[in-house]
Amino acid sequence: MISASLEKPSLFGLIFTRHYPALYNFAARRIGRDEAADLVADTFVRALESRATYDPSYPSCLPWLYGIAQNVIRDRLRRVGRGKRIYIALPAAATEEFGEETDDRVVASSVATDLAHALARLSKRDRSTLLLYALDGLSYSEIALVLDIPAGTVGSRLNRARQQILEAIPDLEQRTR
Amino acid sequence: MAEQERHPVDDLLRAIAGNVESSAAEREYARQKLDRAIAELGRRQTRRRQRVLVWGMVFAAVFAGVAFVLLAAQPSQARAAIEEIADLVEVIDPLAATDTTFIYTRSSSSALAEVPGVALGGITIEGDSLLYLLNSRRETWYGSEGTVQMRTTYLQPTFFSDADRDAYFAAGLDRQDEIGQTRTVTVHLPIEEWPHDSVALDRAIRDRMVTDRGLPETIEYLDVALGIVGESFATPQVRASTLRLIARLEGIQLLGPPSETLTFAVDYVDKGVETRFTITLDRNGYLRHQRVFNVTADDHLGLPPATAIYEAEFADPIVTGSLD
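Sequence order for the protein chains is A and B. Position 138 of the first sequence, counted from 1, bears residue number 145 in the working numbering, the numbering being contiguous throughout. Position 112 of the second sequence, counted from 1, bears residue number 116 in the working numbering, the numbering being contiguous throughout.
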C-alpha cells in the first residue's frame, strides 16, 4: 500500500485508518494525551513525505511508523526547549485507567514514582528498547527496525534495562504481587 | 504482534501505562492534517513537472550571497566571540529550582503556517495555499524534580493581505488554531544529564540530531546544542562546553560588532531557497532571539525575499515561587 501511494498519495489515508489507534497509544504514553493527536498527525505527514524510504519487504509498516514517531517526539521536545530532558512513559493519570481492581491501582501509585526514576536512569537506548517491547508489544526484529540496530543487540539491551530496574527497585516483585 | 515472554518489569510497565484511547475529535483532527498534506503533495508533484528555471531568482541569490559575504565578519571572529561567552558562562552561578521555587522562562514566537486551498472548505483564495504567521506566547516553569508546567497562549495571526485574513476567518481556521485560547499542561520530564567531557558531549549531541529533514548538519547540530545553552539549566561547565562545540561548526558567522548580545548567522539552502538562520545570545549564554528567514524569494510558497518564516524572542530566565 505504501509503495502504491508513491504514485497515488491518497492511498496513504488507508495507512492512517489502520494504524492510527496504535500510534496514538504510542504517543500518549510518551508525551501525554494533550499533544498525542498532534504528534500522530505530524508522524503521518512525515511518513507520507518519506514513504519512498520504506522497505516493503517488512510484513507491517507499524515499526517503521514508530521509528518516525520517535523522531517527531525528539524533534518536538527540542523545539519547545525541552531538549535537555527526557520523557518517560508514565502519564500521571494512567494509574486510574488500567483496571477496576483497587489493589492494583494502589500498587501502581506507590511504585510508579520509583519506576519512573529507575527508567530515567537508564540509557536512552536501553529505555527505548524496553518500552518498545513491554508497552508496544514489538518483537526483537521489529524493535531492531525501529531503532536501526542489529536484532541480536535488542535482547542484550532488554536484559540490561530490566536488570537495572530490578536493581533500582529490589522489592519490585513483592510490591506488585 | 509476536508472542512475548513474561517479565515482572514489563508487567508493571504495562499496568501503569495502561491503554490510552483517542477521542473521535482528536482522530478527525489528525486525519484532516494528513488529508491537507496529501492534497499539497499532489499539487507539488504537478508543480514539479511544470517548474522552469527562474534566472532572476538565481541572480538575486548570487547577489544576496555576495552582500552577506561582505557584511558578515570572518568565521574565526565568530569562533573567538563564542568562545569568549563560553569562558564567562563557565564561571557564572547557575539558576536552580528548589522544593518551593521554579525556574521560569517566557518566549514569544511567530511561525509560518500554510493551509492548502483545497482544505478551506470552498473558500476561494488567490494562490494555491493560504499563508500566515501563527503567533504564540509560551511560559514554562521548571521544578527541581523534573515537573514542568507549560502555558501556551495562541495570539492573533499576522496576515500577508486583507484577503488572506478574510479567508482565514471565513474558513474557521481561528477555531482550529485555538486563537485567543490558553492551554496549560503539566508533565514530568526528568532532567537528562549531559556529559561534561567535550568529546562525549559532541557524541551525545550527534546522537540526538535529526537527520531526515534534508537540512545541513550545522543546522541540525545547532537545533540540539541550542537546547542545552538556550533555555536550559545544564551546569555552567556543560553549557560552556556546548558553546565551544558550536564555535567550531562550519559556516557560523558573527553579525555586527560585539555588544551586550552577540548575533550569529548560518546561511544554507532549504528546498532551493537561500535561507538564513540567526541566533542572538546574551553574555550569560542564554538564547535571546532566533530567526529563520528566506534571503531570496520563495517561488514555491510565493513569499518575497527577507520574509521571516520563524522568529522567537526569549526573556531572561528567572527563579520564582509562583506558578501563575
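Hints may contain errors.
Unchecked claim - Keeping only pairs whose Cα atoms sit at most 27 Å apart, straight-line, the calculated DSS-like set for lysine-lysine is:
id, chain 1, residue 1, chain 2, residue 2
1, B, Lys-275, B, Lys-37
2, A, Lys-131, B, Lys-275
3, B, Lys-37, A, Lys-15
Please keep in mind that the hints were generated in silico from the structure rather than gathered at the bench.
Checked hints:
no.: 1; hint: Lys-275(B) x Lys-37(B); result: 22 Å, holds
no.: 2; hint: Lys-131(A) x Lys-275(B); result: 32 Å, violated
no.: 3; hint: Lys-37(B) x Lys-15(A); result: 17 Å, holds
In summary, the structure is inconsistent with hint 2 from the numbered list given earlier, while agreeing with all the others.
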